[in-house]
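Chemist: Spelled out, the chains give:
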Amino acid sequence: DTEVTQTPKHLVMGMTNKKSLKCEQHMGHRAMYWYKQKAKKPPELMFVYSYEKLSINESVPSRFSPECPNSSLLNLHLHALQPEDSALYLCASSQVIRAAARGYTFGSGTRLTVV
Amino acid sequence: QKEVEQDPGPLSVPEGAIVSLNCTYSNSAFQYFMWYRQYSRKGPELLMYTYSSGNKEDGRFTAQVDKSSKYISLFIRDSQPSDSATYLCAMSAHLDSNYQLIWGAGTKLIIKP
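Residue numbers (my numbering), protein chains in the order written: chain A, 17 to 131; chain B, 5 to 117.
Some hints could be false.
Some chain A residues close to chain B (C-beta under 7 angstroms, calculated; not the full set) [stated by the list, open to error]: (1) A55; (2) P58; (3) A117; (4) R118; (5) G123.
No lab work stands behind these hints, which were simulated from the structure alone. Please read these numbers as outputs of a predicted model, since none were measured by experiment. C-beta: ideal position from N, C-alpha, C; glycine also.
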């Protein structure tokens, strides 16, 4: 299994809603990442988890809250988002953080629309 | 000046042509160079990874790194309509715990049948 699976594929939420994005991988990777990608832009790093511990938080607003319940799962909890947060949210993994230099495996993403 | 420069295109070529995609960079510490392909509404997919200078070939794809010129290229031979996608270069300097990828803007490639 060489996949990163993200659910849901699409999500529409109101500014007062609470929702969660889910990411799962069964490749034994110990580094997992959340990225945000706006249209026609490269991915922007949001969070990095290494061995289930938060390693990097790229100054992301607190309305985004990551969670890594175990080595295969990564969640992104969303609360009180703004319309400008509408984007493609990508999960990725690598064997360990150092191995990211040789490339990530990305999921297909969750397309989020905030109304 | 951005750390990594990549022409966003679009680049439109006929089927069967050789495609050349390029990135320039300013940080001489970059050692790891990657090319990702991203289809519309999908996540990026790693195509090629190169360490330091030189060439790497995989099927119809060839990645080149010229560190003296701070220039990397991806060549696609015998291009197919299925190669139509956005191609992103990415690079990295560090292997420590503060590792981070630096991305180009992506080039949209269109292969005309």
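Chemist: Determine for every hint whether it applies to the structure shown.
Modeler: The hints, checked one at a time:
1. The interface hint given for A55(A) is broken, as the beta carbon of that residue sits about 10 angstroms from the closest beta carbon of chain B, more than 7 angstroms.
2. This hint holds: P58(A) has a C-beta 4 angstroms from the nearest C-beta of chain B, less than the 7 angstroms allowed.
3. With a least beta-carbon distance of about 4 angstroms to chain B, the hint placing A117(A) at the interface is held under the 7 angstroms criterion.
4. With a least beta-carbon distance of about 5 angstroms to chain B, the hint placing R118(A) at the interface is held under the 7 angstroms criterion.
5. Hint status for G123(A): holds, given a least beta-carbon distance of 5 angstroms to chain B, under 7 angstroms.
Of the numbered hints stated above, the single one contradicted by the structure is hint 1.
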